[in-house]
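Colleague: Residues per chain are reported as follows:
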Amino acid sequence: MNTARAAAILLTKELRLEFRTRELLSATVIFALVVVVLFSFAFDPTNAESRRYGPGLLWIAFLFAGSLMLNPSFAREQANDTLDALRMAPVSSFAILSGKMLANFIFMSLAEVVLVPVFAVLYNVSLAGVAWRLILVLVLGTSGLVITGTVFSAISAHARMRELLLPLLLLPILAPLLIAAVEATASLLTQDPALDRTWVAFLAGFDIVFLTASWLLCDYLVEE
Amino acid sequence: MRSMTGRIAGTVIVAALIFYAGYAALFIAPDEKTMHEIQRIFYFHLPSWMTCFTAFSIAFIANVAYITTRQPKWDWLGVAGAEVGVACCTIGLITGPLWARPVWGIWWTWDARLTTTFILWLLYVAYLLLRGLLEEPERKATLSAIFGIFAFLDVPLVYMSNRLWRTQHPQPVIFGGENSGLAPTMKLVLLLCVIAGFGVMILVLIDRYRLEQLRFEFEELRHEVESRSSDAQFMREKGRS
Chain Y
1 MNTARAAAIL
11 LTKELRLEFR
21 TRELLSATVI
31 FALVVVVLFS
41 FAFDPTNAES
51 RRYGPGLLWI
61 AFLFAGSLML
71 NPSFAREQAN
81 DTLDALRMAP
91 VSSFAILSGK
101 MLANFIFMSL
111 AEVVLVPVFA
121 VLYNVSLAGV
131 AWRLILVLVL
141 GTSGLVITGT
151 VFSAISAHAR
161 MRELLLPLLL
171 LPILAPLLIA
181 AVEATASLLT
191 QDPALDRTWV
201 AFLAGFDIVF
211 LTASWLLCDY
221 LVEE
Chain F
225 MRSMTGRIAG
235 TVIVAALIFY
245 AGYAALFIAP
255 DEKTMHEIQR
265 IFYFHLPSWM
275 TCFTAFSIAF
285 IANVAYITTR
295 QPKWDWLGVA
305 GAEVGVACCT
315 IGLITGPLWA
325 RPVWGIWWTW
335 DARLTTTFIL
345 WLLYVAYLLL
355 RGLLEEPERK
365 ATLSAIFGIF
375 AFLDVPLVYM
385 SNRLWRTQHP
395 QPVIFGGENS
405 GLAPTMKLVL
415 LLCVIAGFGV
425 MILVLIDRYR
435 LEQLRFEFEE
445 LRHEVESRSS
455 DAQFMREKGR
465 S
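Protein sequences, first through last, are from chains Y and F. For the first sequence, counting from 1, position 183 maps to 183 in my numbering; every step adds exactly one. Just so we're on the same page, my numbering is the position in the second sequence counted from 1, plus 224.
Since the hints were derived computationally from the structure, they do not count as laboratory data. Note that this is a predicted model, so its numbers are computed, not measured. Take the hints with a grain of salt, since some may be wrong.
[Stated by the list, open to error] Derived contacts from chain Y toward chain F, CB cut-off under 10 Å, selection only:
1) Phe19
2) Leu169
3) Ala175
4) Ala180
5) Trp199
6) Phe202
7) Gly205
We put the beta carbon where it would ideally sit given N, CA and C, even for glycine.
Construct the entire structure; sequences and hints are all you get.
Modeller: Quick look at the structure:
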């Protein structure tokens, strides 16, 4: 079976599993909302300031929510040793990994679809006119989060205290992604919005570097 | 026994070097015109960074080598490099602010170099933490090597992103090339300190490597003893029935 088809089948399995309960999605959205609300207490969000802090707050909320949401991605397979079954299937390990990456990307994007409009309302930010450019930034940023996060979820699934470990592994790695995503988003929320090409290119570069690394290392990652 | 003599000799030489380097940095090096005494911390600050980056590079090479060859010795070198690197990095992160406070007037600035090393420190502390939380030796070696490779790949990205970001804002402090215009005695003292720093690093690295090797051998022996004693017990019970 070729990799794309195997990944697609695994993706359907992940989606079916999630949409039976929708536990992960609702927990992620609520958690990110809690972060957004708590930030409004930490910094009084008046109009001008919300433009300055808004993008940072939004991405911090996504990164924190993502580092929690990605936890069950591989840990869930351990309860019934289903990862062993997957490994025995005649599919490449990159198919397993990319199926999970795609599923996590869809979950994270769905959460963002809910969160971004809520954020825009709560922090009085106008998104009209920049929607497509914002989607580009969101897609590139979310890809970076999901690529590294899925790999680290496979690593932390075998460790003790894995719920605590995953954010510790993931958040420092994502520091450059956070800077780039926040700057790119901020450039879209100014008075005259313009897409900052440098940061968009940086985000794409981040995604490519870590996707290549995961592709090269996935045999060792899934095999263990 | 020969290796023991070598180790003692190495330790004595490095100890003498580091003491002489300390003496030279404090008493032989000339006084710096504007910064005075506090500038002397620089003789330990710079070597700590050089050893830190060398140790992390060794850890990265060992991680890649482990993934490709699967020989446990590369895992021992990986953990040794990461641990020594974290120690050197910590020294650098402590001596830096001590110097910056009187000279720049601030303990810390979120400049590209400082931020990158701070993230680097966090990443390798996470690497060591991860090793502590993984149980099976082989799985621990592979998974931590993968994380080590990801962490090292992240470092240039952190540096680039901070450079791009900070240049868009006015910098609170601008580095004036530290190596430009060093007095000849200062250069010699610095060279001595760098050599002494690398001596300490290599010594600790070798010791840490040996410790990991001993741990590995100890675990193997323990497994063997356990399997033998359970075999013996099985035979005894079989004989009884």
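Colleague: For each hint, tell me whether it holds in the structure or not.
Modeller: Here is how each hint holds up against the structure:
1. Evaluation of the Y/Phe19 hint against chain F yields a violated restraint, the C-beta minimum of about 30 Å exceeding 10 Å.
2. Among the interface hints, the one on Y/Leu169 holds; its C-beta lies about 5 Å from the nearest C-beta in chain F, closer than the 10 Å criterion.
3. Hint on Y/Ala175 holds. Least Cβ distance to chain F is approximately 5 Å, under the 10 Å limit.
4. Interface restraint check for Y/Ala180: the shortest CB-CB distance to chain F comes to about 6 Å, inside 10 Å, so the restraint holds.
5. A least Cβ separation of about 8 Å between Y/Trp199 and chain F falls short of the 10 Å threshold, and the interface hint therefore holds.
6. With a least beta-carbon distance of about 6 Å to chain F, the hint placing Y/Phe202 at the interface is held under the 10 Å criterion.
7. Annotation: interface hint on Y/Gly205 holds; nearest CB of chain F at approximately 8 Å, less than 10 Å.
Hint violations for this structure: number 1 only, all remaining hints satisfied.
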